[in-house]
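A.B. asks: In case you want the letters, here they are:
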Amino acid sequence: MALITFVLAGGVLGDLFGRRRILLIGAIGYLVMILLAVLAQSPIWFLLSSAGAGMFAALAIPMSAAIIRLTFPRDELLWPFAAYTVCTGTAAIGASVISGPIKYWFGWQAMFVPSIILVCVGLVLALRHVQETNAPYGYSPVDYIGLAAWTGVVLALVFGLIQLQVSRLSNIVVWSSLSVAGISAGLLIFWAMVSPGRLMRNAPFPLFALAIIILTGMTLNFATLGYAIHLFNFMRIVQQFHPVVASIALAPLAIGLVAGGVLAGRRRGKQPHVQMILSGLALMLIAILLTAVAVLLWRAQVAYLLLASLMMLFGAGFALASAAWQALYLGSMPLALAGLSSAISSAAGQIGGVIASTVLAALIVSFGTRNFATRLDTMGLTPERVIEAKAALDHALQPEALLDPSTELGLLNTALVAFYQESFAVAFGGVLLVSALIIVLCATLVWFGLGPRLRQKLARPGAQPG
Amino acid sequence: MEESLTATLPTPIAPAEALSVEQKRVRWLVVAACALITSASLIQPPLHQLVAPFPPTAFNAGWTRF
Chain A
1 MALITFVLAG GVLGDLFGRR RILLIGAIGY LVMILLAVLA QSPIWFLLSS AGAGMFAALA
61 IPMSAAIIRL TFPRDELLWP FAAYTVCTGT AAIGASVISG PIKYWFGWQA MFVPSIILVC
121 VGLVLALRHV QETNAPYGYS PVDYIGLAAW TGVVLALVFG LIQLQVSRLS NIVVWSSLSV
181 AGISAGLLIF WAMVSPGRLM RNAPFPLFAL AIIILTGMTL NFATLGYAIH LFNFMRIVQQ
241 FHPVVASIAL APLAIGLVAG GVLAGRRRGK QPHVQMILSG LALMLIAILL TAVAVLLWRA
301 QVAYLLLASL MMLFGAGFAL ASAAWQALYL GSMPLALAGL SSAISSAAGQ IGGVIASTVL
361 AALIVSFGTR NFATRLDTMG LTPERVIEAK AALDHALQPE ALLDPSTELG LLNTALVAFY
421 QESFAVAFGG VLLVSALIIV LCATLVWFGL GPRLRQKLAR PGAQPG
Chain B
1 MEESLTATLP TPIAPAEALS VEQKRVRWLV VAACALITSA SLIQPPLHQL VAPFPPTAFN
61 AGWTRF
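As they're listed, the protein sequences go chains A and B.
Note that this note's numbering gives residue 76 to position 76 of the first sequence, counting from 1, and the numbers run on in steps of one.
Note that this note's numbering gives residue 29 to position 29 of the second sequence, counting from 1, and the numbers run on in steps of one.
In case anyone wonders, no lab produced these hints; they're calculated from the structure.
Note that the Cβ used here is the ideal one computed from N, Cα and C, for glycine as well.
Honestly, I wouldn't trust all of these hints.
[What the hints assert, rightly or not] Below 20 Å or equal to it, Euclidean Cα-Cα: the simulated EDC-like pairs (lysine to aspartate or glutamate) are:
1) K24/B <-> E76/A
2) K390/A <-> D377/A
3) K24/B <-> D75/A
4) K24/B <-> D377/A
[As the list claims (entries may be wrong)] Beta-carbon label-pair distances, calculated as ranges:
5) S20/B <-> V113/A: 19 to 27 Å
6) Q23/B <-> W298/A: 51 to 59 Å
7) S20/B <-> V121/A: 23 to 31 Å
8) V124/A <-> Q23/B: 13 to 21 Å
9) A14/B <-> F448/A: 46 to 54 Å
10) R266/A <-> Q23/B: 31 to 39 Å
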């Protein structure tokens with residue numbers, strides 16, 4: 001939640017004090033912190049500099065999309081946002097693909113090299129070509145703070161409530177996110193008091209439509225990160241791929257991203273943005289459902305070529321939906337709010353990503369543990385023996401565990417690990433079905449929530465809803 | 001509305017057909033700069049790849065503990 005606060009603050013600061021300035025502060029700060037992390041002599045030094053890098057990145061990221069928005073007219077946004085989505089998405093997937101091999105062959109410090117090169121090239125280009133913009137036209141700082149606070153309420157409440165389902169009340173994450181929701185709600189009330197009658201005066205969308213758009217951004221990142229992370233785990237744990245091979249095996253996602261980005265750019269003017277978002281979500285849904293069916297049917301024997309094709313389909317759907325979503329959302333918000341609008345979209349995406357890695361992981365644990373226990377139950381084991389078997393499984397998963405079937409212990413370990421792999425595949429299939437359900441809910445919200453009148457307004461080239 | 005707002009910006013947002021080849025190139029270099037800076041921050045190595053706080057236990061691959 002601290003990162004989300006930085007993202008929203010970055011958006012507000014950029015709009016008020018200059019988007020180029022905040023982009024450069026974020027990028028230079030990030031570079032310095034990354035260099036400090038590489039030179040770290042102690043874990044504390046490393047963790048602090050990594051956290052600092054994350055905070056500076058949180059300032060820079062929303063400025064990037066805002067500057068792109070301010071560089072192109074509304075009707076020409078699809079190509080630049082398609083390129084932006086492809087570049088950043090490919091980098092994120094590429095990082096997971098290459099970071100494993102880089103660490104394996106060159107050591108952990110080398111993992112930072114691609115990031116350092118990219119930020120240096122980006123900085124040179126930004127210094128030379130990005131112009132300064134800050135246009136608080138018709139808005140006061142209170143307007144920015146109010147919109148940021150409202151976003152904080154939505155994101156923190158959604159995140160807190162979802163985490164509540166996972167971790168009950170014991171988790172500090174739940175309390176911190178609910179606290180952010182409370183503070184944001186307090187800011188909103190303060191805002192309404194100092195500017196009576198101005199609440200969302202300049203909002204281009206009704207509040208609920210903005211909430212749907214934010215939820216769409218969350219869902220896109222949630223589904224994509226969840227799909228990539230857990231597919232990687234499936235290949236590593238169930239299909240027994242070496243971690244480096246499992247990383248490289250995610251590459252078709254990037255190929256799909258490029259194809260989807262080109263498709264999105266070419267659809268410019270031919271298809272309303274809302275329909276493109278729905279088409280992209282449909283492709284992602286088909287890919288997720290087919291992956292779930294394949295995993296549940298064939299478990300460890302599912303062919304990689306099939307998974308690769310589905311990854312490409314998923315990547316294409318994500319790029320199509322994401323580019324159209326950014327063009328629709330940022331193209332419809334007032335230019336003076338470009339930084340904050342972009343920050344809202346970044347924050348939504350970040351929350352979606354965190355939910356994907358925590359909630360879906362919790363579901364895998366829950367589904368998998370239950371399936372594993374059921375398998376042991378059917379063998380007639382007593383509850384005490386089931387607990388012992390789970391502890392033995394944790395031991396059997398250690399790298400030094402004996403998995404030689406010629407000995408009694410090795411045979412037992414091998415059988416437990418085989419059971420575990422089957423249960424993991426079932427749990428992964430279940431998690432994919434949950435993700436599919438969330439995509440269906442999101443598509444339904446987009447279709448009905450944005451409403452035919454608003455959809456027509458948004459679809460019309462050059463129209464500025466308000 | 002777009003015109004009135006862009007008037008406060010240093011460079012009005014012109015459509016592609018009103019730009020020279022050089023201006024179009026600069027616009028795409030801006031996209032490249034922004035995309036590279038964002039990409040750089042997205043590929044910061046995840047902490048779980050650098051430090052393994054929990055031993056790998058069943059189903060969570062040692063990344064998170066619930």
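A.B. asks: Would you mind marking each hint as holding or not holding in the structure?
C.D. replies: To see whether the hints hold, each was checked on the structure:
1. K24/B <-> E76/A: holds (12 Å)
2. K390/A <-> D377/A: holds (12 Å)
3. K24/B <-> D75/A: holds (15 Å)
4. K24/B <-> D377/A: Measuring from Cα to Cα gives roughly 67 Å; hence the hint is violated.
5. S20/B <-> V113/A: 19 to 27 Å: violated (37 Å)
6. Q23/B <-> W298/A: 51 to 59 Å: Holds, since Q23/B and W298/A (Cβ atoms, about 54 Å apart) stay within the stated range.
7. S20/B <-> V121/A: 23 to 31 Å: Taking Cβ atoms as reference, S20/B and V121/A lie about 25 Å apart, which means the hint holds.
8. V124/A <-> Q23/B: 13 to 21 Å: holds (20 Å)
9. A14/B <-> F448/A: 46 to 54 Å: Check failed, 37 Å falls outside 46 to 54 Å.
10. R266/A <-> Q23/B: 31 to 39 Å: violated (23 Å)
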